[in-house]
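Each chain is listed here by its residues.
Number of protein chains: 2
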Amino acid sequence: MLYIIGLGLGDEKDITLRGLEAVRSCHKVYVEAYTSLLSFGVSSDGLSKLEKLYGKAVTVADREMVEEKADAILSEAVESDVGFLVVGDPFGATTHTDLVIRAKKLGVQVQVIHNASVMNAVGVCGLQLYRFGETVSIPFFTESWRPDSFYEKIQKNRQLGLHTLCLLDIQVKEPSLEHLCRGKKVYLPPRFMTVNTALHQLLEVEQVRAEQAYSEESKCVGIARLGSVDQMVVAGSIKDLLGVDFGPPLHCLIIVGHTHDLEDEMLQLYALRPL
Amino acid sequence: MLYIIGLGLGDEKDITLRGLEAVRSCHKVYVEAYTSLLSFGVSSDGLSKLEKLYGKAVTVADREMVEEKADAILSEAVESDVGFLVVGDPFGATTHTDLVIRAKKLGVQVQVIHNASVMNAVGVCGLQLYRFGETVSIPFFTESWRPDSFYEKIQKNRQLGLHTLCLLDIQVKEPSLEHLCRGKKVYLPPRFMTVNTALHQLLEVEQVRAEQAYSEESKCVGIARLGSVDQMVVAGSIKDLLGVDFGPPLHCLIIVGHTHDLEDEMLQLYALRPL
Numbered sequence: 001m002l003y004i005i006g007l008g009l010g011d012e013k014d015i016t017l018r019g020l021e022a023v024r025s026c027h028k029v030y031v032e033a034y035t036s037l038l039s040f041g042v043s044s045d046g047l048s049k050l051e052k053l054y055g056k057a058v059t060v061a062d063r064e065m066v067e068e069k070a071d072a073i074l075s076e077a078v079e080s081d082v083g084f085l086v087v088g089d090p091f092g093a094t095t096h097t098d099l100v101i102r103a104k105k106l107g108v109q110v111q112v113i114h115n116a117s118v119m120n121a122v123g124v125c126g127l128q129l130y131r132f133g134e135t136v137s138i139p140f141f142t143e144s145w146r147p148d149s150f151y152e153k154i155q156k157n158r159q160l161g162l163h164t165l166c167l168l169d170i171q172v173k174e175p176s177l178e179h180l181c182r183g184k185k186v187y188l189p190p191r192f193m194t195v196n197t198a199l200h201q202l203l204e205v206e207q208v209r210a211e212q213a214y215s216e217e218s219k220c221v222g223i224a225r226l227g228s229v230d231q232m233v234v235a236g237s238i239k240d241l242l243g244v245d246f247g248p249p250l251h252c253l254i255i256v257g258h259t260h261d262l263e264d265e266m267l268q269l270y271a272l273r274p275l
Numbered sequence: 001m002l003y004i005i006g007l008g009l010g011d012e013k014d015i016t017l018r019g020l021e022a023v024r025s026c027h028k029v030y031v032e033a034y035t036s037l038l039s040f041g042v043s044s045d046g047l048s049k050l051e052k053l054y055g056k057a058v059t060v061a062d063r064e065m066v067e068e069k070a071d072a073i074l075s076e077a078v079e080s081d082v083g084f085l086v087v088g089d090p091f092g093a094t095t096h097t098d099l100v101i102r103a104k105k106l107g108v109q110v111q112v113i114h115n116a117s118v119m120n121a122v123g124v125c126g127l128q129l130y131r132f133g134e135t136v137s138i139p140f141f142t143e144s145w146r147p148d149s150f151y152e153k154i155q156k157n158r159q160l161g162l163h164t165l166c167l168l169d170i171q172v173k174e175p176s177l178e179h180l181c182r183g184k185k186v187y188l189p190p191r192f193m194t195v196n197t198a199l200h201q202l203l204e205v206e207q208v209r210a211e212q213a214y215s216e217e218s219k220c221v222g223i224a225r226l227g228s229v230d231q232m233v234v235a236g237s238i239k240d241l242l243g244v245d246f247g248p249p250l251h252c253l254i255i256v257g258h259t260h261d262l263e264d265e266m267l268q269l270y271a272l273r274p275l
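So the protein sequences, as listed, match chains P and Z.
Per full-length UniProt numbering, residue 1 is the first one in the first sequence, and the count goes up by one each step.
Per full-length UniProt numbering, residue 1 is the first one in the second sequence, and the count goes up by one each step.
Be aware that a few hints might be false.
Pairs involving identical chains hold if they fit within one copy or between any two copies, as the list cannot separate such chains.
Listed below are the simulated DSSO-like cross-link pairs for lysine-lysine, each with C-alpha atoms no more than 27 Å apart in a straight line [as the list claims (entries may be wrong)]: (1) K13 x K52; (2) K28 x K49; (3) K28 x K56; (4) K49 x K13; (5) K49 x K105; (6) K104 x K69; (7) K13 x K56.
In case anyone wonders, no lab produced these hints; they're calculated from the structure.
Given only the sequences and the hints, what does the whole structure look like? Please build it.
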């Protein structure tokens, strides 16, 4: 059996009882390192917080390992119980559909244990989840690569009065191009996009496209460390939030659509000044 | 402190460790009975499964009680720790924004403990969450009340190639009109809309509106008991799914938009016949 277990958003205590029982019953446990594991006490020193809670060793599986060794991991799951832990929910922002499909092809039984993900926990700001449109991703712009497909999506959502969740770029274990050219695998330090960078990029694209999808005055909500004890939620105009220091990652951003009274009242609790 | 704690979707073991610690530290614990508590072992006999796990009494707070006694519940939370448990996530399909706003007004500190909700766990079917548009609710039609505002929303989502999550009506503790007229409060037995009823209603509305928002051939996914061990997921055309018995509640439905290869491959695992 392959257990794909969501860890939730905060720290090691956000696993569910069902998830913890499954991990403890597993012969081998992997944790994916695609996304941030910062708050889970996972560092180069090891996985002490998770391992202490589980009472067993946990192997960090980065993107490369999952892609190259998926079949090896899955073949273990034919004979015994293997746990694959993911931050958030297994089918949240980063999905593990490919792993499920591969498993089914190899005849491995799969059990999914859900948890909170950014996709539902953003509801904490008071905006109703059912009034969100398509979710967008905002990638780090480089000098030569400034993709802006999020622009039309935000525009369409706003035309329909819907809110837009913007997932902000995470670059973990990106190979250094300079070193790749020399045939060495050296990785860049991890980078996490801040709310501020995202807002600057949004304004830059609006300036180029000039279709009034949004403006400096558009209402938005910046969220940092969603689901953690030191979570930060600030509502205000794009201009207002440009100057706010949201602190350590992860950050995400919501471009607000048409709001109902109850949504307004709740946003007000997080507002820099009356909205 | 008021802890608003998500219980997740399956049973009492879907609470997180953080949630369990909070419940155990609380002086008084309420569980909301707005939505189904079927799988949590909550019955007229009591709350044995939850109470056994928590080691303390749990009071069921139905809609009436929360509305009428919110201030009393909240005033307890000024002096001591009170837990308010909700099925799914506190800001999922049923939100508790009003409780948070009331609490803040009374100066009560609030801590939210997230969990999986239908809004993110539906990703288990393989459709990517970021490609869902606005969520719709499908209410039980009556002879005189057949609201169809979901129709345009599904239409707009499909025009944009997006999937639509349909939340199906739950009627718990609905007062009996007949008895209300006689001045007595008597409640109708709970009703949960099935995938089949939802599909029949969708087809009826399409027949009336005739704007080809969808047809009998449109691809959809029916889900029952999401997140439980006996969860059921079936993909097929509306026509195909009309005849499927999804068993006990809760049910939900997804009208599929434009799909990517990985989404198709995953849906195929749940398909009645090749899609």
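Hint-by-hint comparison with the structure:
1. K13 x K52: both (12 Å within a copy, 21 Å between copies)
2. K28 x K49: within (17 Å within a copy, 30 Å between copies)
3. K28 x K56: within (9 Å within a copy, 35 Å between copies)
4. K49 x K13: both (10 Å within a copy, 21 Å between copies)
5. K49 x K105: So K49 and K105 fail the 27 Å test inside a copy (34 Å) and across (37 Å) alike.
6. K104 x K69: Only inside one copy: K104 and K69 sit 16 Å apart there, 50 Å across copies, limit 27 Å.
7. K13 x K56: both (16 Å within a copy, 21 Å between copies)
The structure fails to meet hint 5 from the earlier list, while all remaining hints are met.
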